[in-house]
Amino acid sequence: MTKRTQPDRAPGMQIGSRRTFLAAALTVTGLALLAPSPASAQAYPEPGKRFTIIVAGSAGSGTDINARFVAAAMEKEFPGTSFQVVNRPGAGVQVGVQALADAPKDGYTFGLISLPTAITVMLDPSRKANFNKESFIGIGNFSYDAGAIAVRADSPYKSLGDLIAAAKEKPAERTVGVVGPRGREHLDVIAMEQGAGVSFTPVFHNDSGLALNTLLGGNIDAVQGSVGDFVAQVKSGRVRILAVFDKQESAYAPGVPTAESQGFKIYSGTSRGFAFPAGVDPKMAARIGETLGKIANSPEYKSKFAEMGLEIRYMDAAQYNTYWNGEVARISSLLSKIN
Amino acid sequence: MTSSLYDFIVGFGIALTPENLLYALIGCLVGTLVGVLPGIGSAGGMVILLPLTYKLDPTGAIIMLAAIFYGSYYGGTISTVLMSVPGEVASVVTMLDGTEMARKGRAGAALSIAAIGSFIGGTAAVLALVFIAPLLTDVALKFGPPEFFALLFIGLATLALLAGDSMLRALAMAVFGLLLGTIGTDPTMGTPRFDLGFTNLLGGLDFVPVVMGLFGLSEILLAADGPPPTLREAKLSSLYPTKQDMKDSAGPIARGTVLGFFLGLVPGTTQALASFISYGVEKAVSRRPWTFGTGAIEGVAGPETANNSHANAALIPLFTLGIPGSPSVAILLGAFIMNGLAPGPLLFSEKPEIVWPIIASMIIGNLMLLILNVPLIGLWVRILKVPLGILNPLIILFICLGTYLVNNAVFDVWVMLLFGLIGVVLRKLEFPLAPIALTLIIGPLMEGALRQALSISRGNVDILFRSPLACILLICGVIVLTVPLWSRRARARGQLGKDATD
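The listed protein sequences correspond, in order, to chains A and B.
Going by this note's numbering, 248 is the number at position 248 of the first sequence; the sequence numbering is gapless.
The number in this note's numbering is simply the position in the second sequence, starting from 1, with 1000 added.
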């Protein structure tokens, strides 16, 4: 029957008659039902259901772009379902992460988690966050934007060592633009200060774009951000990245040495992973987690990732959990030293 | 430059293909609609259609989103003038004279002049983007924290011009706005400040719920209580501006274009700031400043031009530096990235086949908006004939919806309702509301800039006066501050007094 109605669908849609549309819709649903379902979760996700992906950031932000990409790819993986991104910006990521913790536990709402940003919120007592790591079931990490420090192209500082030496010479005179106090970028600067026994003056901005603007205008010495923040400026020759805070060089900043190779063992970056609120059936979480891995590793999307400037770093649930614990330890140690 | 002209013409060819024209038209219509609906701004409209960008081709998708963006500033005027509810936060200052014009039966003239000004401001900014964008990039970079602070000082100084009859009342409201702006998180220490225990307040009070409550909801609540507003009884005179109107508006439109344009180049400024400063400038240079607030067409023409010029100019730092200057532009940036186009200096050389059609379509889109808006004014003004019993509940519905959509948070709707009540009380006590909006925009920005500057100088206040640009801007601010003194003197010299209507 499905076969018979299929060819009729396209002309019927063009005429726009309601009845043919209904028939077509039923056909699509029928096809989805007939599709072989995996043994792990037969009825999940149910066709026709709508998923909600909570994003703790505004539309158009880095987190949002990751979530919207995954939403579109998930819709392809689960025909008949839809994945809707809901932006819940506010208070850094606190409003959105709280919303995820409080979300319905029926398996149809999950969210994007940015680490270590979410961890700094959890660990900061003045923010009175009502959630912790146990409030979530991490299903895996998707992408990673490694930390990086950049100066203007005409800056006298050619390496991380130059900048550190300048800071040593004149304590607290070298200025580094960062986003928000005690954010990841600020904590990176603190890690450098502690590692090298120097001090910088952090200059806080509302977002990385504005920090870059201050740098390009020559008002500050450096900006601590992520590789992705600087790629376009590096290409145009306005900015030079001094170091990437990762185990290896970044594909998006070829030739830029790691901080480690310059003597600073600091590894930091912004990860974008996904999590369900605790209380969701672990089988459901695992099912979406597997699919996330499939999307991240699919050769189909490889060129798309490169176009969007995304560094894919898939971690399965177990690896993600280990990484998350490691970040909690790293961030608590940094925070404990500044208070 | 010649090659960019060539690319631009080729881009025009692509922008003029039927499907791209259709995308631009859809964007303009949606933009006008979200602009008209109170509370739903350009950002709200763009987010709703953002998922479509995966399904359309990149050029068409971005043409459409950009059209929503600049189109919304046309639509914002309509509800501001006809319903006394700001359609966009950038239109708040238009209420001062736009609503008064409507009360005098000149709603049509107000809307026409706003559409014409928007067209001129918007198109001029796009043309500048085409021909001189690389030269302008460095202008944006001249604004470091001290210069930004000085620029905001001018904005704050326009307060002196918004004061109306009682400077004391205006200052009280300005301080109220500044205090509201301190709610949130300390920008340097990172500690919560006056958050009253609400997580939602940690990021600060959002501008939209406050403005929609103070200006939108309170107007409706008062209408339910007070005598029927004269607005609706006024006989509608001609729908279109008179020759005198055009003459009076030429200067404001020209100045609004330039002002909005330069502010748009500076990342971090907003359309609302541009329209406030434009209003201040117009009142300062006017030979009849006392007509402002009673339906002066200059008070509509200037700000409405400035906010469109700003909107389009704000795309220059996006295209040339990859830096989005405002939340709406950030959404556009996201759309670019999702389509594999990272905005930045190389976009023009790497993807000319996509960038130039988008820019060309902005000229076409602005023309479409002018054509859509001017003849439709006759239709829009019929809103005035809709019974209040039907219109007002609808407006409240849309205000709630728009407020909710900003952050998808019910909390914001409560904030809006609270400020609606505050607005009623303040209006009953005859406090001017515009100063609250002005200082609520400027306060947090100014605090951020000041603290950045002082971090850089390690506490030396002289950083604020070191650069010539900052000094010039500060002097401009002082001049604006003193305007009321000499305009009052002019009045004392026996020229026309202020209308006795208030």
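Each hint should be verified, as a subset may be incorrect.
[What the hints assert, rightly or not] The following label-pair restraints were derived from C-beta to C-beta distances:
no., chain 1, residue 1, chain 2, residue 2, range
1, A, Ala-172, B, Thr-1191, 19 to 25 Å
2, B, Val-1010, A, Lys-49, 44 to 50 Å
3, A, Asp-154, B, Glu-1430, 39 to 45 Å
4, A, Ile-338, B, Leu-1376, 54 to 60 Å
5, B, Asp-1057, A, Ala-318, 39 to 45 Å
6, A, Asn-206, B, Ile-1048, 32 to 38 Å
7, A, Ile-338, B, Cys-1471, 52 to 58 Å
[To be verified] Pairs of lysine-lysine, DSS-like flavour, derived with a Cα cap of 25 Å:
no., chain 1, residue 1, chain 2, residue 2
8, B, Lys-1055, A, Lys-304
9, B, Lys-1055, A, Lys-302
10, B, Lys-1351, A, Lys-302
It should be emphasised that the hints constitute simulated quantities derived from the structure, not laboratory data.
We put the beta carbon where it would ideally sit given N, CA and C, even for glycine.
These are the hints, each one checked on the structure:
1. Evaluation of the 19 to 25 Å hint for Ala-172(A) and Thr-1191(B) yields a pass: the beta carbon distance comes to about 21 Å.
2. A hinted range of 44 to 50 Å for the beta carbons of Val-1010(B) and Lys-49(A) is consistent with their spacing of about 46 Å.
3. At about 57 Å, the beta-carbon gap between Asp-154(A) and Glu-1430(B) misses the expected band of 39 to 45 Å.
4. Restraint check, Ile-338(A) to Leu-1376(B): a C-beta distance of roughly 59 Å satisfies the suggested window 54 to 60 Å.
5. About 40 Å separates the C-beta atoms of Asp-1057(B) and Ala-318(A), a value consistent with the hinted range of 39 to 45 Å.
6. Asn-206(A) and Ile-1048(B) have their C-beta atoms about 25 Å apart, which leaves the hinted 32 to 38 Å range violated.
7. Between Ile-338(A) and Cys-1471(B) the beta carbons are some 37 Å apart, a value that contradicts the proposed interval 52 to 58 Å.
8. Restraint check: the Cα-Cα separation between Lys-1055(B) and Lys-304(A) comes to about 14 Å, which is no more than 25 Å; the hinted pair holds.
9. At most 25 Å may separate the alpha-carbon atoms for a hinted pair to count; Lys-1055(B) and Lys-302(A) meet this at roughly 19 Å.
10. For the hint linking Lys-1351(B) to Lys-302(A), the alpha-carbon distance of about 20 Å falls within 25 Å, and the restraint holds.
Violated hints, listed in ascending order, are 3, 6 and 7; each of the other numbered hints is respected by the structure.
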